[in-house]
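Participant: Next come the chains, spelled out residue by residue.
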Amino acid sequence: MKAKFLLSFLLIYFFSPLLILFTQFKLTTDFPVKNYIVSFSNSIIQSVIVVCFCLLFSTVITPFLADFKPKKVKKILQIALLPLVLPSLFTFLILFSYFQQFPFGLLGISLTFVVIYLGFSLHLIYHAYIEKVAPLLPIIKTYNIGFFQHIRLIDWPLLREDLIQVTQFIFLGCMTSLSVPLLAGGGKSINLELFVFESIFIDGNWAIIVYLAVLQIIYLYLFQSIFKFLSRKKIILSEPARYFHPVKPRKISNFALVMVFSYLFFYCGGFLYQVGKAFIKIKTDQLLLLDFSQAFLNTLLLSIATFVLVGLLIVSLLYLQFKNVKYDWIYNLMLPSSVVVGIAYFVLFSFGSGFQIELLKISFGLVLLYGLALIKSYLAEPLNRLQNYFNVAHIYQIGFFTFLVTIFYPQVKKSLLMMGTLLTLYCFFEFSFLKVVSVESLYTGQYIERLISTYRLEHGFIYSFILMLFLALPYLFLSYFLSKGKNVSH
Amino acid sequence: MRQFIISVSLFFAVLFLIYVFRDNGKSLNEASQIRIYASGSFISEWGPGPELKKAFEKKTDLKILFLEMSDPALTLQKLNLNSDMVRADLVLGLDQFDLIRVSDKVKWRNISDYIVLGQTLTSLNKAFLEHEDFLKSDFKNHFIPYDWSAIAFVKKATTTIDIKSLEDLLNPEIKSKIAFEDPRTSSPGLQFLMWVARSFPEDKAISYLQKINDQAHSFSPSWSTAYGLFKNKNADLVLSYVTSPIYHLIEEKDSSYHALNFAAGLPLQIEFVGLLDQCLNCEGALKFLSFIQSHEAQQIIMNKNYMLPIDKNVVESTAFDTIPVYNFLNYKAYTKEEINKWLKIWSEIRKNEG
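Top line first, the protein sequences correspond to chains A and B. In terms of this note's numbering, the numbers along the first sequence are unbroken and rise by one, the last being 836. In terms of this note's numbering, the numbers along the second sequence are unbroken and rise by one, the last being 440.
None of these hints come from the bench; they were simulated from the model. Among these hints, one or two may not hold up.
Here are a few chain A residues that face chain B, going by a calculated C-beta distance under 10 angstroms [said to hold, decoys possible]: (1) Ile383; (2) Leu528; (3) Leu634; (4) Ile753; (5) Ile798; (6) Leu803.
Below 30 angstroms or equal to it, Euclidean Cα-Cα: the simulated DSS-like pairs (lysine-lysine) are [to be verified]: (7) B:Lys263 - A:Lys627; (8) A:Lys372 - B:Lys390; (9) A:Lys629 - B:Lys339; (10) B:Lys390 - A:Lys623; (11) B:Lys317 - A:Lys627; (12) A:Lys707 - B:Lys317; (13) A:Lys707 - A:Lys417; (14) B:Lys261 - A:Lys623; (15) B:Lys193 - A:Lys629; (16) B:Lys263 - B:Lys149; (17) A:Lys623 - B:Lys263; (18) A:Lys629 - B:Lys191; (19) A:Lys629 - B:Lys430; (20) B:Lys261 - A:Lys707; (21) B:Lys139 - A:Lys380; (22) A:Lys627 - B:Lys242.
Stretch by stretch, here's where chain A covers chain B in the computed footprint (C-beta under 8 angstroms, at least three residues) [stated by the list, open to error]: (23) 123-136; (24) 230-241; (25) 306-312; (26) 353-366.
These numbers were taken from a predicted model, which means no experiment stands behind them. Glycine included, each C-beta is placed from N, C-alpha and C at the ideal position.
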């Protein structure tokens, strides 16, 4: 297949929501610039606070966590991803139960977002540190490199790409959240998503979503430009040590571990407390299993369809890189707003109905909402790192599929597993996009949302817990098998 | 390892193919199917949807397909985008504010000849359905009411403070203890805003809204979040429905929840059904309209939706009969502009708070 044809196809796919919206809505000139600026600056302030705290905490804690066995810490940090995927109502209930008087306003929003994103930030930065910086620690110790030199010469150059990726992910998450600023924020904190909501539902200005989509692409472009600027001096570790043997944990490292456990206890403890309370209150015969089993099967199929699409996308990007075609700009076309993608795909897929069309509609949408962001977070950097291997593959005339199976897959299998886990969790807990895009079948995210919107909060907690357990099983199974596989050196 | 991956992939691929092609022969048969937009709670296993579907399909040779509606405004906007996309006949779950705000976005059929409701509650008729302002509106020709409830503040028996009016909500003892809903995103939230707007002169209403901010525990984006906070004991009062305590009584055998009666009256929320002008199976949809007003359907809606039926006879000798007699506020005709004006006032007040 011609690489450029593939690139054009991807371009059309990623631009499709915008093209559809442009044809559906007439753009008006009465764009409420003043309100937009206020909401935009609020979104920026909220996002900056959250990003700063998450990055600071993660980067300070991570070097100490590196004193412990990575396998164990990685397992602990996987639990820290829970707040990112569970319904925000659960986060609110957990948070509110710790406060006599919740600090609504900027502090409340920041706190809620920090609880949601801290685990993700810690998880990603720890993985990057263990992979890139930790193997160099014995050398650093030998040469007695000072603290600031360590940061300037080693940590920053090696981790900056990961730090920027975490920043981008949290920024987009904060900027496209509606429920958190609405509940935790008070009135002053109108953010961009709320501004869009008000424009659509109060003023009936639907054309605003076209502006929003365009502006989102501009932010992402800016992010990418900053990213490129900061990465202009590339450091490629030619042969980093593959294995890292931690030293005996220092006392302060134990403190770092306690901090991580406190965070996990804060969220997971709160969640499990609510689940426990729900199990005590709800009897087995009240569990409403009929809809759940149907929703579960539908979501399982949706996950498979989404996996297939994300897999195709990864292979396509790899192929483009294999053929030396630049495609980085595709990351600028991420569309994290469920309203934007939902409305566009509602229009696009209105030609028919049925489960097959629905699966296509949702999975294509989910790839736009989450797939590309996950690829950016977990695979963009390994893809860049493989550049040398591409060159070698060309010299030895290794075919693309051989390269894919023998070089690419062994290098990224753990990242793929993590991406797959997050993607599955998104598929199983997503409901707002499904509502906007209009679906006829029932999916688990919708099911849990229905439970909590009809007095059945306890059922919501129980089913979320059951889902988490169920999804953990294949994850543990696959992690076990992948850890048994041979490691291929960088 | 490779064998494992191949076997797992094959297993899922087969499962996927079986499932995807299972309904290939089942095409949309427009002559025998009625497609209805309804809320998620309405069509859930525990909602009235499945039982209504079963009872209706038993009576007729028609099939019902429920489509989940996220939000009436969003749903009607989607219907409005392009009439070719309309793959539905009926829309359930529109309240009186939805009718004002969004009903002009799509064309509705005149269904006034199909109102066959039995006896409606006299007080409900007086306050709303036969109120001269409602009769003057065009809504009665295009929408049929099928359930209702008064909006009220709900408390647990342990909260002993006496609250009988909007002014009592400003009592310092319940400072930061009331779980409200955001009127921009929630229907009960909008009900409360318009309740305040009609209960005081404009300047006093604005001042009241400023003061009530201090009493609010939070303004949740949805009823479910507000009720969740209340159930989780984060708030002492929640803005909900007079029927909420009945849910706890029937489902949880808990009689400690109470809806507060206000001497000046409580606002009513009535849910309507409308027939889309571009309906695919209009004849079948009209049959459903008659059915939803029948004693059987009204009974199902009451028992599963925890809302009061329009037919007063359905309530007799049920737990719903124990709901005290509340005073209702009369129907008030608002324009879309008035609603938007109050939403903007509320937004402005909130911008200066928290």
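Participant: Please go over all the hints and tell whether each is borne out by the structure.
Facilitator: For each hint, the structure was consulted:
1. Ile383: 14 angstroms, violated
2. Leu528: Status holds, d = 4 angstroms.
3. Leu634: Given a least distance of 5 angstroms, the restraint on Leu634 (chain A) holds.
4. Ile753: Check failed: Cβ of Ile753 (chain A) comes no nearer than 15 angstroms to chain B, outside 10 angstroms.
5. Ile798: 5 angstroms, holds
6. Leu803: Hint holds; Leu803 (chain A) Cβ to chain B Cβ min 5 angstroms, cut 10 angstroms.
7. B:Lys263 - A:Lys627: 25 angstroms, holds
8. A:Lys372 - B:Lys390: Between Lys372 (chain A) and Lys390 (chain B) the Cα gap is close to 42 angstroms, so the pair fails against 30 angstroms, i.e. violated.
9. A:Lys629 - B:Lys339: At roughly 13 angstroms apart (the allowed maximum being 30 angstroms), Lys339 (chain B) and Lys629 (chain A) satisfy the hint.
10. B:Lys390 - A:Lys623: With a Cα-Cα distance of about 25 angstroms, the restraint between Lys390 (chain B) and Lys623 (chain A) holds, given a limit of 30 angstroms.
11. B:Lys317 - A:Lys627: 13 angstroms, holds
12. A:Lys707 - B:Lys317: 37 angstroms, violated
13. A:Lys707 - A:Lys417: 38 angstroms, violated
14. B:Lys261 - A:Lys623: Holds. Lys261 (chain B) to Lys623 (chain A) sits at ~28 angstroms (cutoff 30 angstroms).
15. B:Lys193 - A:Lys629: 47 angstroms, violated
16. B:Lys263 - B:Lys149: 47 angstroms, violated
17. A:Lys623 - B:Lys263: With Cα atoms ~23 angstroms apart, Lys623 (chain A) and Lys263 (chain B) stay inside 30 angstroms; holds.
18. A:Lys629 - B:Lys191: Since the Cα atoms of Lys629 (chain A) and Lys191 (chain B) sit roughly 45 angstroms apart, the hinted pair is violated (cutoff 30 angstroms).
19. A:Lys629 - B:Lys430: Outside the cut-off at roughly 45 angstroms; violated.
20. B:Lys261 - A:Lys707: Status violated; Cα separation ~47 angstroms.
21. B:Lys139 - A:Lys380: 49 angstroms, violated
22. A:Lys627 - B:Lys242: Holds: Lys627 (chain A) and Lys242 (chain B) sit about 17 angstroms apart, inside 30 angstroms.
23. 123-136: Answer holds; 6 residues pass the 8 angstroms Cβ test.
24. 230-241: violated (count 0)
25. 306-312: Holds: 6 residues of the segment 306-312 of chain B have a Cβ under 8 angstroms from chain A.
26. 353-366: Violated: only 0 residues of the segment 353-366 of chain B have a Cβ under 8 angstroms from chain A.
Hints 1, 4, 8, 12, 13, 15, 16, 18, 19, 20, 21, 24, 26 from the list above are not met by this structure, while the remaining hints are.
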